[in-house]
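The hints should help you fit chain D onto chain H, whose structure is shown.
Keeping their order, the protein sequence lines are chains H and D.
Going by the working numbering, the first sequence opens with residue 2, and the numbers climb by one from there.
Going by the working numbering, the second sequence opens with residue 64, and the numbers climb by one from there.
Hints listed in this document are in silico derivations from the structure and should not be mistaken for laboratory results.
Please note that a few of the clues may not be correct.
Straight-line distance between alpha carbons at most 20 Å, and here's what the computed PhoX-like set of lysine-lysine pairs gives [to be verified]:
#1 H:K264 to D:K101
#2 D:K286 to D:K268
#3 H:K16 to D:K101
Residue-level listing of the chains:
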Amino acid sequence: MSFTAFYRRNLGFFKLAIASNLEYRLNFLLDSVFQPLVNSIVEMVLWMAIFKGAQAIEIAGFTQNYYLAYALWGTFVARITVNWMYEFRMIEEIDTGSINGLLVRPMHYYEYYLSQLLGYKLVTTTVSFIFPLTLITLFDLPTQWSRIPAAMALIFYYVIFVYGMSFCIASLAFIFNKVNSLTVTKNLALWLLTGELFPLDLMPENIKNLFLALPFSCGVYIPVGYITGRIDSSVLIQGFQTTTIGLVIVSVLGFFLWRKGMKQYAGTGA
Amino acid sequence: MSFAIETHDLSRTFESYKKSEGLWNSVKGFWNRQTVQKIALKPTNIKIEAGQIVGLVGSNGAGKTTLLKLLSGLIAPTTGEAKVLGYNPFERKTEFLRRISLLLGQKNQLWWDITPLDSYALLAKIYDLDETVAKNKVKELSHLLHCEHVLETQLRRLSLGERMKMEIIGSLLHSPEVLYLDEPTIGLDIVAQEIIREFLNEYVKNRGPTVILTSHYMDDIAKLADRLLLISKGGIVYDGTVDGFVAKSEKLHIVTYKFEGEPEQRSEITKSELNSFLNSVSNKGQLESFKIEETDFEHVIHSFLQKESRVF
Numbered sequence: 002m003s004f005t006a007f008y009r010r011n012l013g014f015f016k017l018a019i020a021s022n023l024e025y026r027l028n029f030l031l032d033s034v035f036q037p038l039v040n041s042i043v044e045m046v047l048w049m050a051i052f053k054g055a056q057a058i059e060i061a062g063f064t065q066n067y068y069l070a071y072a073l074w075g076t077f078v079a080r081i082t083v084n085w086m087y088e089f090r091m092i093e094e095i096d097t098g099s100i101n102g103l104l105v106r107p108m109h110y111y112e113y114y115l116s117q118l119l120g121y122k123l124v125t126t127t128v129s130f131i132f133p134l135t136l137i138t139l140f141d142l143p144t145q146w147s148r149i150p151a152a153m154a155l156i157f158y159y160v161i162f163v164y165g166m167s168f169c170i171a172s173l174a175f176i177f178n179k180v181n182s183l184t185v186t187k188n189l190a191l192w193l194l195t196g197e198l199f200p201l202d203l204m205p206e207n208i209k210n211l212f213l214a215l216p217f218s219c220g221v222y223i224p225v226g227y228i229t230g231r232i233d234s235s236v237l238i239q240g241f242q243t244t245t246i247g248l249v250i251v252s253v254l255g256f257f258l259w260r261k262g263m264k265q266y267a268g269t270g271a
Numbered sequence: 064m065s066f067a068i069e070t071h072d073l074s075r076t077f078e079s080y081k082k083s084e085g086l087w088n089s090v091k092g093f094w095n096r097q098t099v100q101k102i103a104l105k106p107t108n109i110k111i112e113a114g115q116i117v118g119l120v121g122s123n124g125a126g127k128t129t130l131l132k133l134l135s136g137l138i139a140p141t142t143g144e145a146k147v148l149g150y151n152p153f154e155r156k157t158e159f160l161r162r163i164s165l166l167l168g169q170k171n172q173l174w175w176d177i178t179p180l181d182s183y184a185l186l187a188k189i190y191d192l193d194e195t196v197a198k199n200k201v202k203e204l205s206h207l208l209h210c211e212h213v214l215e216t217q218l219r220r221l222s223l224g225e226r227m228k229m230e231i232i233g234s235l236l237h238s239p240e241v242l243y244l245d246e247p248t249i250g251l252d253i254v255a256q257e258i259i260r261e262f263l264n265e266y267v268k269n270r271g272p273t274v275i276l277t278s279h280y281m282d283d284i285a286k287l288a289d290r291l292l293l294i295s296k297g298g299i300v301y302d303g304t305v306d307g308f309v310a311k312s313e314k315l316h317i318v319t320y321k322f323e324g325e326p327e328q329r330s331e332i333t334k335s336e337l338n339s340f341l342n343s344v345s346n347k348g349q350l351e352s353f354k355i356e357e358t359d360f361e362h363v364i365h366s367f368l369q370k371e372s373r374v375f
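The shape of chain H in the complex, shown without the other chains:
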């Protein structure tokens, strides 16, 4: 198989995700504009209330502005690094047998949804970037703009790792059929582990170090901490390393789960 053919079809999947999502205009606007807006406002109000209630100028060494910047960037980044939609779709397809139409095509299911996920994330990221950009500028919150490209590189690298986890969970649907609860449980755990719920600085030092040693912290804390100046580039580099290890682990696991699943698959529904 030539690389050109591989590139051509994956670019096709990438564009398919964009075209499919733009087809439903209201849903697209709600997903990429209103949801991040509401989310950003809620997070900002929450941190303002915490600081007011605590009557403190700093919490864990950072001022209110740092937390507001963290909340805004955190909301933005977390929306990129979470994967509900495609994971549910993959589980559904395997459970109902509608995957059959894809399995007989000369491509791999893994690449099909990875390219779609990246296409979808790229378009929603571009549109929703307007919120941190506007609000950070408006409230003059701490942000090191020159650090954004490196942080975005880590974010999209982490998205591939997140997709690897989704692929493993979806492969379990060959054996257990309905595994949606696993997606919910995993995403709830990631809410804490990524630092989306609150910055990892608020954790006891040993727990924070443990979380930093796991790839999940690249889902929010490391890129956002790096953008807002909480952490330096050595932690960002560590993030690339842990994500690489995580990616290798989920890829190997995904390979075996897929192989086992396909052997058991009954081709339900058609």
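Leaving out everything else, chain D in the frame of chain H:
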């Protein structure tokens, strides 16, 4: 002789679990499940020559779709092996998948949210086809199927018949050498069925792919297939020509008759019973009308399938 499709003791068993009625049994089933093995396809040996059109007929659950899934590499066999165009289907090699096509009449395989033209452009990329060649092929096939006017409408907005035509174009775009057609005319009105049947007839005669066709409409089989495989309870029970099957089956006659002042009656009888039946009817009274018809292929198959499903 080289065969396009060859199976050797190919079988598949599915595992499920038995659950008795009621809530308590649902609770019990949470920790204690009684697994049941169901043989969907018994060890099967078939050889299909390149260019042959095979009609695969059987009642629901007989094993037709399981055989197609095994031959297209969707599911793994429990025992035995298959070779399609020299490949083991379940290895699902790219070179193999590029040369086959599976059309599932009850499933959408094109993309729901985009237009057929966009779907075909994507398929051209998946199958690594030349863009111009693919576009010309779409033009040609859509002309033959009389559906050029819906190519730019989202799939979800099309009628069932239009959707099926779009699916057929999608499945033929890469000129497959082996074509599996699973119920291509299911749920369609008579006109749409006829158009698709005519189209497939022309296509397979001109391009010569090896075809396995399943259908509940015997017209599809009679018109397209030059070989018939009858499958029942997971096993092949007849392998031969359509005419051969009709000749081999005990020919039935349908006798329709009416006595004066009574409603019309209809009986199905075999050739050997015909004389005694005629005598008994003529002795019963004054006949107002009387008609004898020989059954056709469709009727013979239906009688066969009816008999087979009663045994379950």
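Just pull the numbers of the violated hints for me, sorted ascending.
Number 3 only.
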